[in-house]
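Asker: Make the full structure from the sequences, and use the hints.
Given next are the chains, with one letter for each unit.
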Amino acid sequence: MTVIVAKELTTALTALREHADARLIQGGTDLMVEINFNHVKPTTMISLRDIDSLRTIRRDQPGMLSIGSGVPYSIIEEEPVLSDIPALSQAARTVGSPQIRAAGSLGGNLGTCSPAGDTLPVMFALDAMIHLNTLDSSRVVSIHDFMTGVKRSVRQHDEIITSIDFPIVKGWQGYSKVGVRNAMVISVASTCLVADHENATVRIALGSVGPTIIRCREAEAWLKANHDLSAGASISLDIAGEFGKRAAAESSPIDDHRSTAAYRRHAISVLASRLLRKAYQ
Amino acid sequence: MSANEFYSLHVNGKTMPVQDSWVGESLLYVLRERLGLPGTKGACEQGECGSCTVLMNGNAVCACLVMAATAVNSEIVTVEGITSESTLTDVQQSFVEEGAVQCGFCTPGLIVAVHHLLEKNPQPSEFEVKEAISGNICRCTGYGRVFAAVEATIRSRNEVK
Amino acid sequence: MAKSSVVTKPRDILGNSALRPDGAHKVQGSFEFTSDLHAENMLWGATLRSPHPYAKIMSIDTSAALALPGVHCIITADDVPGKSTYGLISSDQPVFASDYVRYMGEPVAAVAADHPETCRRALALIVVVYEVLAPLTNPEDAIAGSFDPIHPDGNVIRHQRIVRGDQNISGPIVVEGEYVIGMQDQAFLGLEAALAIPDPDGLGLHLHVATQWLHEDLTQISACLSLPAEKIRLTLGGVGGAFGAREDISLQVHCCLLALKAGRPIKMQYSREESFFGHVHRHPATIFMRHHADANGKIVKIDARFVFDGGAYTSTSPAVLINGITHTQGPYKCDNATVDGYAVRTNNPPCGAMRGFGVVQACFAHESQMDKIAVAVGKSPVEIRLINAMVTGDPLITGQIMESVAPVARCITETDAIPLPALMGETVNELSLPGGSGLTASRSHIVRGIGWGVSMKNLMYSEGFDDFATARCTLKDGVASLKFATSEVGQGFVTLAPQIARSVLGVDEVILEPIDTQIGSAGSTSASRQTWMSGGAVDGACRLVRERLFHHVGKQHSIDPLRLVIDGTDVIDQVGTFRYSVAEASEGIEISETFEHHHRATEELDANGQGNCHTAFAFVAHRAVVDVDPELGLVKVVQIATAQDVGRVLNPLSAIGQLEGGIAQGLGLAVMEEIIMQNGKVRNPSFTDYLLPTALDAPDVVAVMIEEYEPQAPLGAKGIGEPPCISVTPAIVAAIRNAIGKNIERIPVRPQDICL
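Protein chains in written order, with this note's numbering: chain B, 1 to 281; chain W, 1001 to 1161; chain R, 2001 to 2756.
There could be a bad hint or two in this list.
Think about it this way: if two alpha-carbon atoms lie no more than 30 angstroms apart in a straight line, the pair counts; the simulated DSSO-like pairs of lysine-lysine are [said to hold, decoys possible]: (1) R/K2681 with B/K41; (2) B/K7 with W/K1014; (3) B/K245 with R/K2742; (4) W/K1161 with B/K7; (5) R/K2083 with R/K2056; (6) R/K2681 with B/K151; (7) B/K245 with B/K151; (8) B/K278 with R/K2681.
Keep in mind the hints are simulated off the structure, nothing from the lab.
Answerer: In structure tokens:
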């Protein structure tokens, strides 16, 4: 087994191209569990830990925050993300423990691409764009195209996720996650809701209730068609309840050892309804 | 760096060579089994208990989730290096005096986590204390005496001022 | 402002908060846990386990694994030189499975190699061919006899009835329920570990191990190794918690066998995942209870049926069953009862000891019933419990008379007197609501509930077991040295023992000798028994030494020894002016005495469940205040108020630690902790999915210690370890019911149980 500790992105990309068996490791919070539990036996590891360029938060263009794939959650919990993309900060704060949040990153959430990935619903609700680089090319992929299934994405072997672009949306946004403990818990069901006051739309995405994150397009469309969603509008309990039901109807949860499909669907309807009410309080 | 190759870690202010290791080893394993620093404990191997909390470049992380060979450029501080004095730190003293130690297996991780908390936030609220140690599972104490120990430390630091 | 007053530290005698002697090492990381031990030339050991809950072993091929560089030896059932099975009560568990595997995780082989990773790779190379069989997973099938025996000893481990009083009596009030208790794990943090060092001649060995009972381990190991007990020495390695899970053998025999075969020291330590398979759990149980009461709510009769799922092997199931059924009534008067109890064998993981030992299950059922009676007669939870509260002298449903101090009513009223927490304000930190950092709720979504639980718990061993503990005290030049084999698992006996010696002998310095098998047994660190039993032994040994010291001093100074007493650190003449320090009095002499403390004899139960089977009892009340999000089914326990019958507080700091720690474990069982089984397979053997309470789940605990000296107890103190975790669980569930107005009869309470 070989470990390559890269300090520059190009070093990592070169190594990635040279080693067909290489696995990328950033914070290690997912991959090391697999190694410790003997589920994977990597032969070549490329560590991104020391690549500073992946650990920056930039505001390259107005209305956009670009977060490096290696920025740890503990930084995302704080400013400037807290003010610009509050739902992402909230999601980051629900990830594991403080120790995990000091190590884990958006790049890891995307690399693993689990439907329970805490920050993924925020990316889906905000139409985040994922930057992928190879040694000699780069591309930008919408999160909606990026995640293709449970722990599957369009990332090619020789690509490294470098940063994620989040639009800064005017309006309320929030993230809620249900777990059976008051801290340090894997999501049983999660919801991100973004009220875009400028475009008078609401966007909602669900985690842990399907093979991928689910964006509830039909519930969104129903809401926009039937209700004023501009700033200062009000949402009744009935509307919120109906919206919750419609969002839940778009989920496709399963029974497993963490919860039941019925509870997950119910939880989504409650979370969606509560978030919507909060957005227009 | 390839299998069984030599590398060095910077631990508690010292450069420590790691030899003949399988490079998939976690920092936890290397600290305990190769560098003679068994103070850091392992109890879950997946970052869910905090027993292996160490400081890495000033951040509290789980050593079980750090591949040791990727930490060659990091400054690591373990419970053994939390103070250079031979006496107990105020946090350690409070843990003993307030009854925050029973079996003691979670204790080194908690000591590191609490030092880190008070370094970053000298006057944490009760909620901030709980959140800061929410990644450190203790099965014996129910946390009551641990909270008391953190409070006692803050109180004594405030009195010194 | 710095304070300048001089505080004189009180002597660390009984009643004071002496600090742990191992505390400084533990906070510095220099305390040596068993997993920290190393030996020159050491190899690592690892265990191959069955992936199936029930299967026939057709063949085991270790050749490929043996050929792996770094592998030293591999052992299977064929390599067990002595008895092929072990067990605490019934020796029915194979060291390694040879014909059948009867639970997922059952050991099949073990390997010794140069590195843990080599061990893992070797295990993967061992080829076991199984014929997979349909597992017995429903305890009712075991009782009904509808499943072929999965073990030569049959599918019913024990059946016991209790029949007392009028079997046909009833009352105007009849309430019933069927209560289901999930499988809880002890989840100590310090994983199973041992280091076995073979003697140079290969004829014996020294085992360092984290265990609850060195001598019982020794007995079982010696039989399996076919080595005389004197050829095996056991030393207690540092133990990271136990809670019952270290009472049974886990890796002990495997580690010793590998060491003898390899001729080199072997270290074994389980991973968390393996630990879930490597030790017994708390019995899942289904308990039907029907209470008959009069119009005031006084219990007239109880009908009950208990089914404990013992899993594949016996472990302590027979004793757990007896504890469960004999606590059917809880801390309440009851003259008539019909109880039927089963502990059965299934292909689920073996279950055995966990803090509370059968009483946890019974208490959840009887306390849920008490609330139903209260509702039926229009009384409050406190009133109904006070009406029925047991007192010393009451007969139990086993016919045994309650001889322990029984301040049940006081536990309830003193808990009731503890102020409730402040009501939630209109503005709250949403992170502290149920759901926590998930930010699932606002203040308006939350409802508060209050619930009660009261329990009775037997202390020490039962059913005629000759339970004893041994200790030796040696006094020399004013220093006392104590020797015992009492397992220190975190409970603090190493703090208490020196307190006893200081109190009895007037010494300041106390040396603790190594905890090993070089002295008689101390019994197990379980059943809330060590303060009483080993405390009694240390006290007895110290008293014998003191008597001899008084004789020595009396002779030297021509004073009747009967006039001498210890005053502080001096020997004084009660009727004269003579005063002499213990240090001077013991200068140049060495007095050593060994004492065995036995508790009073108990009896086995007869066919009708009658007999003086228990030694003593302790009581506790819990009141829980919880916040619930009824729509999402999420819970936050806000406050636990408790008043516990402790006899006498010997160390206030240790005592509060036991109460708070037990409460957290009971909270875990109430709302989150469960090993989830599916057709005999464990679905969540990790801390990601087996959830333990975190600091953000911990309630405020307000505790009152009720001190009514227990005359039976050597130090007047009752065991306090188990009661805290018993009635807190039903109290929390009652509070949830109170908040949402819905009956819940299953623990742990899951979100869907609340909101769907």
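Asker: Now look at each hint and say whether the structure bears it out.
Answerer: Quick rundown of the hints versus the structure:
| no. | hint | result |
| --- | --- | --- |
| 1 | R/K2681 with B/K41 | holds, 25 angstroms |
| 2 | B/K7 with W/K1014 | holds, 22 angstroms |
| 3 | B/K245 with R/K2742 | holds, 24 angstroms |
| 4 | W/K1161 with B/K7 | violated, 43 angstroms |
| 5 | R/K2083 with R/K2056 | holds, 21 angstroms |
| 6 | R/K2681 with B/K151 | holds, 24 angstroms |
| 7 | B/K245 with B/K151 | holds, 27 angstroms |
| 8 | B/K278 with R/K2681 | violated, 43 angstroms |
Against the hints set out earlier in the document, violations occur for numbers 4, 8.
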